Structures are given as C-alpha cells and as structure tokens.
Amino acid sequence: MKTYGMYYALLAFVVFGCSSTPSEDSEIPKEEESFYNADYVLLQRNNEQLSVQLLNATEKTMNLNSAQSTFENVPLPEISFRKGTTYAYYTELTECSGQLTIHDFADDTAITIDVFEDLLDCNLKTTSIAVAAEKVYVSYVKEETSKINKYFVRVIDLSVAEVNHVDIELDKKPLQMDYTNGRLFVWTNDLDITNENALSVFDMVSQTVIHEIGLGYDVERIFADTHQNMIIAYQELHTVLNSTTMNMQYIRYEDGKEPLFFGSKSNSFDGAGRLFYIRPEAEYSGIPSIYDFSNNLALLYYYENFLTASQLEFEFNIGETTMVGYDDVNKVMLIGYQKKDDVNKGGLLRIQLEPDPEFLDNLNINGIPCQIFYQN
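Read in order, the letters of the sequence shown are residues 1 to 376 in the working numbering.
Honestly, I wouldn't trust all of these hints.
[Unchecked claim] Mimicking DSSO-like on lysine-lysine, the simulated pairs with C-alpha atoms at most 30 Å apart in a straight line are:
id	residue 1	residue 2
1	K257	K340
2	K142	K125
3	K142	K173
4	K142	K172
5	K60	K331
Calculated from the structure, these hints are not laboratory results.
This one's a predicted model, so the numbers in the text were calculated from it and none came from an experiment.
Can you make the complete structure from the sequences, with help from the hints?
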C-alpha cells in the first residue's frame, strides 16, 4: 500500500521594489559591472494573429532585430504547449482532422504533423497536447453517438520518418497533460457519472496506467516543475506529486495570501525551479510574480515600486500584464504588457534581479507579448 506524506504550509508574500541608483551611504566596494549580449524570440499577438519578433539586448539596451524567423504568422491557437525553447500548437482543420506544429526556437526549426489522417467520418475534439522525448501526445474526445463519447490519448512517434501512432483509450475525459521522468500525467474528469477529477499516470515504455489518483472537484491546472514533480494546483492549495514514488505533499495557503499561479497562461522556470508568472490583481490586470516552491514564498513585483507615476501612466501607458519571462543566464526578468489605450500594442520591461532588483529599460512592441525564449 502506498503511503503519502502530508505537509501544510502558510504562504508568505514579499513585495519587491527596484532601484536604479546605489545608496549614497553605502561603503561597500562596488562589484565590477556584468556585461551580456542576449538574443530573444518574442511571441506576440496582434489582431488575433500570433507572430514572432526577434530582439537583441545588452545590459544597457534592448532593441528590435530586423532578422526574420521561420515561424509563420498563424491565427491565435486555442491549444498550445511550451517547454524550454519548444513551442507547439494545434490547429483544427475539420471536425475530423487537425495539424500539430512544433517549433524549436533554439535552432528556429519546425515540423508540422497531420494528426488524424487515419480517421474517417468522425466528430472529434482535441483537448490538450504535450511534447517530450521524441513523442507527441494529443488527447481527444471522439463522439460515437449523440450520447456516447470515447476518450483517447494519441501517441505519435517523431523518431521515425513515416506517420506512426498509438491510441490509448481512457475511461474519463482528458483535460490536460504533461510529461516528466518518463511518465505521462493526464488530468481527467468523470464527466459521465460523478464529475470528479483524477490523475492517470502512464508509463510510456509499456504505455499502461501505473497509478491513478483522485483529485476531487476543484482542480484548476497541472504542470511539471524542474525537479520532475507534478504540481496540481487548486485555488486554496497546491499538491506536489513526486513522479517516482507517487508521494504527495499538500501546501495550503492562508486566506488572502493565495499565490494564484493556477490561472496564469504565461509562466517559465529558472534553474532553481522558481515559477515566473502573472498573479491576478485588479490593478494593472495582473502583477509580475515569482513563486519559490522550495520556500513556499511568493515574490510580488508591483509596478509602482520600480516605475514612476509618469512612466506608468504616460510614458509606458501600462494596462494588462500579459507575460512574465526569465533569462536565467543573465538573471533578468522580462515583463510583457498591453498598452492601456491600444489593444494591439504593448511593451516589454526588463528587471535585473541580481544582486538586487533594478529596473533596466522598456521597449515598445507593435503587438502584445505572449511568450519569450532565450536564444544564446
């Protein structure tokens, strides 16, 4: 019988501000200034289209790069998946066909796969995708009759030239997937009977379920962290699932101090496993934040703490926060936002996080930042 460790912790908040000048009273010798050159790939949306803008940055400035990416402008996808420099998205073509595109921004290459070529005269709905270890995972619902649906995960092998896939049938509706430690984790919902949620764990060598965990009714999201754990997020707590032992820790939040990372569509991790995300808040429609899983600590970066009132309201005109990214090499947080008075224009702020938080600069963007990828 499996045993489960249980750990409750109250969430602590730290609010960070930034300074652009050192303290005059400091007698500590200044460290030598660090220099860097970085290339970024910015995914942006404009008029319901997704496109790429290349960027160059040094410690002093960030500029638009006129070079072109091989990424082609596409309608905003409803289903997408990001891990590292890989970005994948699914495009529905008909009720019985779709395409999956996987773009690796590390070398600016892409492949496109016709996902359901073998199915004829069907009515299906794709619910999620995941990419890992030369495999693509596509979960979908296939309508058999007006009252009967069947549920599957399609596993597509990218290591062979010809189309090669296996369908794994599920007994519940798949909602979301992620892959870590050689295992596929599928969040499912018993839509037909109890409406309860569960997590099915597949060993992808045998392609069989090796563990199933009940999750209750209020799951908001699942994702893998950088330590091969699965995070199961609720509004009032999150669960850390060890992907090897299946032991679980429950981290409960104090009322009013919920980190709310479950709802952020824009997030990334640093090398220490901290999550960079947007915390929902009425002011500026979201606060750039970091959640430190090792210390159960949320770090909030309110705009007022590192920008002047004039910069906020007039110079940068910051409206909704749309993206929080991190350059782990140069220790720079990148914050994307939408202009308050223009739904098709945005900007990108840079905050140097180490040794102390410091506002670097702002770059106006002819689009709304969605995701950012570090290239070198």
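Do the hints match the structure? See the list:
no.: 1; hint: K257 with K340; result: holds (27 Å)
no.: 2; hint: K142 with K125; result: holds (7 Å)
no.: 3; hint: K142 with K173; result: holds (10 Å)
no.: 4; hint: K142 with K172; result: holds (12 Å)
no.: 5; hint: K60 with K331; result: holds (14 Å)
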